[in-house]
Amino acid sequence: MPMPKDIGVIDLMLAVPGDDNSHFYEWIKPMLMDKESHEMFKMPAQYMFKDIPQIDGQDDYVAYTVAQMDKHGIERAMIGVGPYAEHHKEALRRFPDRFFACYEANPNNGMDEVRTIVALKEEFDIKAVTASPAMICPPVPVNDKKWYPIYAKLVELDIPFCPCMGIPGPRLPFGPQKVELLDEVLWFFPELRVVTRHGCEPWTDVAWKMMLKYPNLHYMTSAFAPKHYPEDIVHFANTRGSDQVMYAGYFPMGLSLDRIFREMPDVPLRDEVWPKFLRENALRVFKLDQ
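Heads up: the sequence shown runs through residues 5 to 294, numbered per the working numbering.
A few of these clues could be false.
[To be verified] Here are the computed lysine to aspartate or glutamate pairs in the DMTMM-like style, where the Cα-Cα straight-line distance is at most 25 angstroms: (1) Lys291 / Asp60; (2) Lys150 / Asp116; (3) Lys291 / Glu126; (4) Lys150 / Glu79; (5) Lys217 / Asp187; (6) Lys93 / Asp60; (7) Lys125 / Asp293; (8) Lys75 / Asp209; (9) Lys149 / Glu117; (10) Lys75 / Glu284; (11) Lys9 / Glu79; (12) Lys291 / Asp270; (13) Lys182 / Asp209.
[As the list claims (entries may be wrong)] Here are the simulated distance ranges between beta carbons: (14) Asp10 / Pro177: 27 to 37 angstroms; (15) Glu79 / Cys141: 33 to 43 angstroms; (16) Lys39 / Asp10: 22 to 32 angstroms; (17) Ala156 / Gly61: 38 to 48 angstroms; (18) Asp148 / Pro6: 25 to 35 angstroms; (19) Lys75 / Pro219: 33 to 43 angstroms; (20) Gly114 / Gly179: 35 to 45 angstroms; (21) Asp64 / Phe178: 33 to 43 angstroms; (22) Arg288 / Asn112: 27 to 37 angstroms; (23) Pro219 / Val122: 38 to 48 angstroms.
No wet-lab data here; the hints were simulated from the structure.
Ideal Cβ placement from N, Cα and C applies to all residues, glycine included.
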């Protein structure tokens, strides 16, 4: 049950910080209606995160991030490429053995978005397409047919789809991220590997039941401090779902790596589950060893 210390961890959600991290959330702002979210919060779900990392004054933020990864045994991390992530492109070029890329998609762009995904696969060998169905403008539920050209291309490219599912932290409607909406997608695209982000709460019971039903559905722990991992998801990882649950952090958006790895040893995973959770499932599902 103790967390092993000799595993090269794969972190499925990490970003390189900078002097000003507001760019992380620029794309969400069109959907935010309340004044506090726009003017007072450092991030749209700040009311949920009390200890957001404060990082400034670094001469080299990419090198700083790699040093933080080394400190906590993180071998590789997934970072986003897109309109607000030029510094991530630098990280991928400087440290291709430490970082791998994903892309946050917007199906409102139609076939242009499919072409963007193909171009980023060719340039950066992206390993996943991520999504925030409730936060793009206008929102697009995961079972909306606007997504279907993207799903078909992901099957063709053999890379996973990673949507945020569950009630989002930012103050906007949660309807597009109801977990049961994935049922149709998983049924119609059995070859599409789906890895949910951001917890699936309050529908974690639906999430693990669907993982039991669909072997192409998986779960990552992004945006949750380890002491808050849902108990039923941990139980599922310890039983029938040991191949479907995997680690993702949230540095520096809402959690420090110091906090994550201080709390991680208290997660009650079985000995044989730890290597799968921290590394092996990510290697297999995202095909990182190819």
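Structure-based check of each hint:
Taken as a hint, the Lys291 and Asp60 pair is broken in the structure, with Cα atoms around 34 angstroms apart against an allowance of 25 angstroms. For the suggested pair Lys150 and Asp116, the alpha carbons sit about 12 angstroms apart, so the restraint of at most 25 angstroms is met. For the hint pairing Lys291 with Glu126, the CA-to-CA distance comes to about 16 angstroms; that is within 25 angstroms, so the pair holds. Restraint check for Lys150 and Glu79: not satisfied, since their Cα atoms lie roughly 36 angstroms apart, outside the 25 angstroms limit.
Between Lys217 and Asp187 the CA atoms are separated by roughly 10 angstroms; this keeps the pair inside 25 angstroms, and the hint holds. Distance hint between Lys93 and Asp60 is fulfilled; the C-alpha atoms sit about 20 angstroms from each other, no more than 25 angstroms. For the suggested pair Lys125 and Asp293, the alpha carbons sit about 16 angstroms apart, so the restraint of at most 25 angstroms is met. Between Lys75 and Asp209 the alpha-carbon distance is near 35 angstroms, which puts this suggested pair outside the 25 angstroms criterion.
Proximity of Lys149 to Glu117 is assessed by CA-CA distance (about 14 angstroms); at most 25 angstroms being required, the pair is judged to hold. At roughly 20 angstroms between alpha-carbon atoms, Lys75 and Glu284 fall within 25 angstroms of each other, so this suggested pair holds. A distance of roughly 12 angstroms separates the Cα atoms of Lys9 and Glu79; the hinted pair therefore holds under the 25 angstroms criterion. Under the criterion of a C-alpha separation no larger than 25 angstroms, the hint pairing Lys291 with Asp270 is inconsistent with the structure, at around 29 angstroms.
A C-alpha spacing of about 12 angstroms is found between Lys182 and Asp209, which places the hinted pair at or below 25 angstroms, so the restraint holds. Under the hint 27 to 37 angstroms, the C-beta atoms of Asp10 and Pro177, about 45 angstroms apart, miss the expected range. For Glu79 and Cys141, the Cβ-Cβ distance of about 36 angstroms falls inside the hinted range of 33 to 43 angstroms, so the restraint holds. Range check, Lys39 to Asp10: about 49 angstroms between beta-carbon atoms, so the 22 to 32 angstroms window is missed.
Hint check: Ala156 to Gly61, Cβ distance near 46 angstroms, so the stated range 38 to 48 angstroms holds. A hinted range of 25 to 35 angstroms for the beta carbons of Asp148 and Pro6 is inconsistent with their spacing of about 44 angstroms. Judged by the Cβ atoms, the range 33 to 43 angstroms given for Lys75 and Pro219 holds: they are separated by roughly 35 angstroms. At roughly 22 angstroms, the beta carbons of Gly114 and Gly179 sit outside the given window of 35 to 45 angstroms.
Separated by about 39 angstroms at the C-beta atoms, Asp64 and Phe178 satisfy the suggested range of 33 to 43 angstroms. At about 32 angstroms, the CB distance of Arg288 to Asn112 agrees with the hint of 27 to 37 angstroms. For Pro219 and Val122, the hinted distance range of 38 to 48 angstroms is not satisfied, since their beta carbons lie about 27 angstroms from each other.
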